[in-house]
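Participant: Each chain, written out:
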Amino acid sequence: MASLTDKALAGDPRAVARLISMAENRDEGLDSLMKELYLAPSAGKAWVVGVTGSPGAGKSTLTDKLIEQLRAKGERVGVLAVDPSSPYTGGAILADRLRMQRHTDDSGVFIRSLAARGSLGGLSRGTREGVLILDACGFDVIIIETVGVGQSEIDIMRVADSVCVVLVPGLGDDVQAMKAGIMEIADLFVVNKADKQGADRLVNEVRAVLEFLQNKDWVPTIDRTVAETGDGVPSLVENLERHREYAKARGRERERARMRARIEDIIVDRLSLQASKLLEAKEAEILPAVMDRKLDPYSAADMILAE
Amino acid sequence: MSDEKFKEAKARYESAVNKGLEKRPERCKTFSTGGGIPIERLYDPDSAAHRDYTESVGFPGYYPFTRGVQSTMYRGRFWTMRQYAGFSTAEDTNARYRYLLEQGTTGLSVAFDLPTQIGYDTDHPMAAGECGKVGVAIDSLADMEILFDKIALDKVTTSMTINAPAAILLAMYIAVGEKQGIPAEKLGGTIQNDILKEYIARGTYIFPPAPSLRLITDIFDFCGKNVPEWNTISISGYHIREAGSTAVQEVAFTLADGIAYVQAAKDKGLDPNKFGRRLSFFFNAHNGVLEEVAKYRAARRLWAHIMKDRFGVTDPTAQMLRFHTQTAGCTLTAQQPENNVIRVTLQTLAAVLGGTQSLHTNSKDEALALPSEKSVEVALRTQQIVAYESGVTNTVDPLAGSYVVEALTDQIEAGAAEYIKKIDELGGMLAAIEKGYPQKNIQDAAYDYQKSIESGDIVVVGVNKFQTNEDDAAGMKLLRVDSSVGDRQIAKLKKLRETRGDAWKSRLDDVRKAARDEHTNLVPVILDAVRVYATEGEICGVLREEFGEYKENIVL
Amino acid sequence: MPDKKIRIVVAKPGLDGHDRGAKVIARALRDAGMEVIYTGLRQTPEQIVTTAIQEDADGIGISILSGAHEFYFRRIIELLKEKNASDVIVFGGGVIPEQDVPALLKMGAGAIFGPGTSTVTAVDWIKKAVSEKDAVKA
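Chains as they are written, first to last, in my numbering: chain R, 1215 to 1521; chain E, 118 to 673; chain U, 102 to 239.
Quick caveat, the hints were computed from the structure, so don't treat them as lab data. One should not assume that every hint holds.
[Said to hold, decoys possible] Sample of chain U residues at the chain R side, in silico, Cβ under 7 Å:
#1 Ile138
#2 Thr151
#3 Arg175
#4 Ile178
#5 Ala230
Yeah, the Cβ is synthetic: ideal placement off N, Cα and C, and Gly gets one too.
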C-alpha cells in the first residue's frame, strides 16, 4: 500500500488533507513525513501569497477572485483560510470558504479552513506546515488568508513571499491609527470596496505613509478593488506577479532568514512539547511544594530540567 | 389616576400580595413575553395614565391606525381566508385550489417550488431533486395556464410567494388573465416581491441588491399604471420571525425593509402617496397572544408615523399598514402533532384580535411534511370557527384599552423604533444587511431560544415536558411528492421547447437590452417574453448574466 | 494525539434557504469545542463531498427542509463511496418524516435528528460516532 506521503505527492486530496490535519493535531508521526515532503523533487517551488486584513474587509471574496484569475493562467492554487478559535471552548466556525465554494468543482484548487487553535494570533502550526505540504504536493500558488491581528502579521512575513494587506473604507481602518506593524509588512495594499465612500481618502492616507518608504527597492503598490464584482482585481494580479518576480530576484538573503526561522520554530515546538511532557511527569511530585511555598518555581524548573 | 379610593384599594392589594408572596412565591422570579419583554404582575389605570387616547390609540380607520385600518373591521366582512398551497405540477395544484375554493377559501395563495423561486427551469442541474417539493413547478406560461384553469381571475384574488423573479410570475399571471379575457386592471392579488428579507432570513435571492431594487421599483411603477388593484409587495416579517427573531425584531426589521423600498421608489421619482397605497405587509402569529396582538397594533402605528413623518405622506390609505398573517410554522412540533391544532387556534385568535386583513393557518403536520388535504381542511376550519363562533369579530379591536395590551403596544413600538434608529445609523437597511446586523441579531435570538428550551426555561408541551412514547406520526397520512413529478415536468418542458416557435429569442434579446438600460421598465419587456413562452429560467438566465448573483453574507 | 479536534462540515444542500437549524447546530457544535466548516446555502452534493475531503472532516451534517432529503442523502453517500471517503459520518436534520428515517439510515446515514431534538443529543451522538470511527481506523 502506498504511504500517505506517496499518495499526497501523487495528488490524492484525501491524503493532502490528512497530512494537514496531522500538522494541526501536532501528530507525533508528522515530522518523519515532513522530512520526505521537504526533500521531494516537487517541493520548494510554490509562490506563497498572504492576504491579511480586518474582519469584514472582504478577504475571502478577494481570494475567490484571485483564484479565478490565477486558474485562468493555469496555476494550481492552494488556499489556507485561517479563522480564530473560541478561547472559551476551543471550537470554531470556519466560514471563509463559503465565498470560494464555486472552486470546489475544480480539481486544480484545494481549499482548507484552519482554526487558529490557541496560537494567539500567530500562524498556527497547521498553517506553517500546511504551506509546506501544499507546496510539495504540486500547488503553484498558495494563498494564506488570515485576520491581521497580533503576531500573525510578523509570522506571515516569515511564510509568505508576497503579502497583501486589505483595507476598506468605513471600517475604522484609519491608517494613522493603524499599528505600525501592518503597514510595514505589506508588499501590496488593496483598498477593497473601493466603490464606497471614503475610498479616495483611504488611498491618500496609505500613499502618504508610503512616502516615507521611498528608499526601499520595492515600493508597495496600492490597488483599488471591488472584490464583489471583480473590479480592479486584474490590476492587483499584475502587481502581484511583478512582486513575485521581485521576490524571486531578492535572492537568498530573505530565504536564509526564513529558513532560520523555520528551524527555530521546529526546535521551539519540539522543546515545548518536551517541556510539557517533563512537567507532566513531575507535576504531582513538585507542584504541591511550590503551592505550599516550600519550594520556589525557579528551583522547581531546575529540578525538572535536570532530569 | 388620583382617585383616593383607587389609591387605597391598590395599596391594600399590594401589601396583601407582598405578604402572600413569602408563603406562596410565584412560579418564576420574573415573567416575560416570548420575546423577552418583562411582564408585570398587574397593569392598572396607572399604567395608562400617561397615554393620550386620541394621539396614540385613536379610532379604527384613522391615523395612527392602532385600532385597525377599517372603521368597522370584521363587522363589515371577515379577513380573507387564504391558504398557501402548491405542490407537484400545475395540474395537481389546480385541483387543490378548486377544492379549497369549494371549501370556502376566499383567496388563493401560490407556493412555488424552489427552482421556480430561484429562477431555474426544471431541467437545470441545480433543480435536480427539488421539482414540485415545496410548491408548484412553473417553467413557462403554459404551466401557469394550467394552474389557473377553470378559475376566473376576476373572481379571486391571488397571492404569490415569489420574490427575486416576481416580475416574471406577475407577467405570467397577467398573460393568463389576457387569455381569459380579463384585463390587467381587473386583476387583484399580491406578489411577495420582498428581496431584503430573502437576504436576511429566507434565502431565495438571485440578484445583488441594486438590480433587485430596480426590479421591485419597476413593478411599483408598472402596476401603478396598469394593475392598480395589485399589491405590489408584501414586506415580510414572517420569515424573519421563523428564522428566530423576537417579536420586536420582526416589526423592526420588516419596517426597516419597508423604509428601504419606499426610499428606493422615491429616489426613482415615484410618489409615495400613490405607490404607498399598494404596499402590504406580512407577519407571523405566535402563541403568545398578548404580545402578538400588541405587535400588530404597534406595527400599524409605527408605520403610519414613518410614512407621515419620514416620507411626508398625506394620503391616509398610503399611511396604513395592511397585512397578511400566517401562523408560526416554527412553533409546530413533530411530537404529538395533534397539539398543533390548538397552537394554530391560539395564533389565529392573536391574528384576528390584531386586525389582520388575511390569514393562512398552518396544518398540524407541517413539522413532518407538506400538509395533507385533511389537515389543510382542519386548518381552514380553525379560521372559520374563530370567525363565526368565537364572537371576537363582532366588535372592533376588542383588546384596546386593556392595560397590558396597550402597555405592550407601546413597548414593542419603542423597541422597534430603537432598532430602526440603529439601522439608520449604520446607513440604512442595505448597509446593515451587508454588515450582517439583522442576521446576527436574529441568529442570536434563535440560539438563545434553543438554549432556553434545552434548559427548560421555556416549556414546549410534548417536546421538553409532558412527553409520551407513542409514535407521534403513526396513522398520519403524509403528502409525498415523488421524483416522477420532476421527470414529467421535464418532459413537458422539452415538448414546449420544441413547439413554441422562435419568437421568444428576440424577446429575450429585448430583456437583455432593457436590463442594460436603467431607464427602461423591465416589466413590459418581460411580459412580451412570457407571452411567447420564453421560460422563467431563460429570462432569469439573461438577468443573471446582466446583473450577476448575490452571495450570502454569513455572520455566525 | 495531543490536539485532535472534531471537524464537521455543516451544509445546506440544494435550493432550500431555511438555515436557522443549520446555524443553530453550527453554533452548538462550536460551543462543544468542535471545528465547524460552514458552507452556506445552495451546495451541490459534489461541493459538499469535496469540501469534506479537503477539510478532512470527521462528519457532514446536512439540513434539509424542502422534502428533497432522500435525493441529497443518496447522492452524498454515493459520492463519498466513490471517493473512498465512506468513513466520513453523514447525519442530518430538518423536516424529515419519521417514516423516511429507516431508508436514510439504510443508505448509510448515521443519524437523523428530527424537529425538537436537543443540540446536546446531537453533540453527544457526534462525539461517540467520531470516537468509534477513530477507534476502527487506529
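Participant: Indicate, hint by hint, whether the structure satisfies it.
Facilitator: Hints, verified against the model:
For Ile138 (chain U), the suggested interface contact is upheld, since its CB lies about 5 Å from the closest CB of chain R, less than 7 Å. Because the closest C-beta pair between Thr151 (chain U) and chain R is about 4 Å apart, less than 7 Å, the hint holds. For Arg175 (chain U), the interface hint is violated, the least distance from its beta-carbon to any beta-carbon of chain R being 20 Å, above 7 Å. The interface hint given for Ile178 (chain U) is broken, as the beta carbon of that residue sits about 16 Å from the closest beta carbon of chain R, more than 7 Å.
With 7 Å as the threshold, the beta carbon of Ala230 (chain U) stays out of range of chain R, its nearest partner Cβ sitting at about 17 Å, so the hint is violated.
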